Amino acid sequence: MIETANENVKLLAGLQELFASATHDASAAMCRWTDGIISVALDALRQVALEDVAVELAVGDEPLTMVVMTLSGDLGGSIILMFDDLNGRQLAASLLGREAGTDPEWSELEKSALMETGNILGCAYVNALTRLVGMDLLPSAPYFIQDFGASVLQQALMIQAAAGDSLLLCDIGFHRQGAKLDWRVIFVPTPGLQASLAQSLHAAPQP
Amino acid sequence: MITTATSTKTLETMVGMGQITAGGPPHKMKAVVGSCIALSLYHPRLKRGAMAHIVLPESAGRDGMPGKFANTAIPQMLDLLKELNTPAACLTAKLAGGANMFASAGPLRIGDANIEAVAQALRAAGIRITAQDVGGNRGRRVTFECEGGAMIVESAGQATKTL
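Those protein sequence lines, which keep their order, are chains F and B. Residue numbers for the first sequence follow my numbering, beginning at 1 and rising by one. Residue numbers for the second sequence follow my numbering, beginning at 1001 and rising by one.
Worth double-checking, as some hints may not be accurate.
Mimicking DMTMM-like on lysine to aspartate or glutamate, the simulated pairs with C-alpha atoms at most 25 Å apart in a straight line are [said to hold, decoys possible]:
1) B:Lys1161 x B:Asp1133
2) B:Lys1030 x F:Glu56
3) B:Lys1028 x F:Glu56
Rather than coming from a laboratory, the hints here were simulated on the basis of the structure. Only a predicted model underlies this, so the values are computations on that prediction, with no experimental measurement involved.
Looking at chain B on its own, in the form it has when it is part of the complex (with noise of 0.2 Å):
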């Protein structure tokens, strides 16, 4: 699913595995991640952002939501944000997630390659990076805010970060 929001009155979405969601101030976008990206792209001056929830590091040519993997994510992004009247000059990027969070005894070590592919499909986009709050092997509970671009990245036992 990918949803793009305007409202005036205060909003919050809960962005799911592969979902993007593009929206103004007062929106608040929020995702629980582990191995997956939580990724913001915002507008400092037009105050205009996306959060993608990614879960693979590549297509590879399969089908499935463009917020699924990490090379389609970001070109959705900014066609949603176009549609909103933002450019993809002076956006930056800020990121959390990509955790490991079965250690050594997991299926897939897929938190490392995700921050990775992210990383490099953002360069590819010209994108920035400038923050960001990734690996480990603990959880995120993320919060976007457009009104002014804060990510708020809460992890169980530890204190909050605002990247």
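The following block holds chain F by itself, in its conformation from the complex (with noise of 0.2 Å):
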């Protein structure tokens, strides 16, 4: 039982290190986007028992706007990127370079700039993931949500639930000069591309 609870331990500090590298392509990749104003980075790799997900990821119950993309397969998952609505606002403000919107309703070119985020920040994440499972992996389209985010993540969280009681998620945090902003990202793989990814780690040459 200690071994197994070893083994874990071992796995979840190799993974980590797996999703801090992607993090690092997609924090590379977002910094261009914003003229190196905002980066990203890997917050923690959660490991959370199903009933205590909403809680312990503190996404509450206010609506939220969210930009997600899917992978589809077994090597599959979902990329959630979660603003509240003024921090979003923002983010599509200063990418638009305009004053932040205040109609109740986000115009097309709106949301259009915060799908475009998230096109680059998802694409650049799962292509280094590819490099590291050594297969394709297909991000859908990403699409624009305002909803509450306990119920988006439940339905990226399916597929992890239909095969357990502990599931796993990378947070990601966003910076703003070095300073944490209150914008995020989760992104929930599957329990097949987890195993691939445990794979490709004993498959790395030990130092």
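Please assemble the complex out of the two chains, which come individually in their own frames, going by the hints.
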């Protein structure tokens, strides 16, 4: 039992390194997209009990603005960019070089700016993971959702929930010139992708 | 986790994925659902009820919390209500959720399967559905009140419904 726990800790540490490496690539892409202003970093690789996921991730029960990309197939998963309305609007405004909108309805241009951010970030992340597992991962086009964060996260977790009561998620934070922002990306890999990543860890040359 | 509560002070419980809570007034039970189902069973005369946050349609022999699957949640809810001296006769059901949040791009269209599985499990248990707000592609914030058995359903950008 202790050996199994130790193996799990080792596996998580290895996966954390892989996800940190993929996040590093995504951060470089994000810096280019925002003229060096915004970067991203892996906050934590979390292993969370099913019933605690909304509380542990503090997604709350208020509506959020999100951009979602999904990876289909066995090596699948979901990437969710989450902002509260104000922060999402501020990001869109800074990318568009204009004042943040005040109309309750987001304009198509604002949505497009946020979806393009999701596309750039998500594709850079997925490309890095593709190199690590040596197999093609195919992301969907990004789409824009304004809804409860917990509701969206729930759908992303379904494949993991079907396999067990313990869930694995990457929590990625945004930074503006070193200061942490109240924006985040959550990546939910399917069990198949987790297994492939674990396999790539075993295949990697030992130091 | 499975909990029961009979406290007399106002009590609100957030029911997480796979959890079940049972109690009486003034207990309020809350859940935020997307493709999951918030299911309440209520005895109007005794004013006792239970709420489950059901995640998947079928356990198919898999281990897991009883509240996680439609086919295991309902028997567990009945057991919990029995512990609160609430018989299965006269219980009524309300449900909300079963959305497909990611539309066609999603990994699974599990919402529809959850709705069907819950309806089937309720039929098997002989419990009548008196109201429901299910399907679509929006999340729902659900509050179940043990005082009168109302289920209040809020969706982002839409009018609140009381079932």
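Here is how each hint holds up against the structure:
1. B:Lys1161 x B:Asp1133: holds, 9 Å
2. B:Lys1030 x F:Glu56: holds, 17 Å
3. B:Lys1028 x F:Glu56: Holds, because 22 Å separates the two Cα atoms, which is no more than 25 Å.
When the structure is compared with the earlier hints, no violation turns up for any of them.
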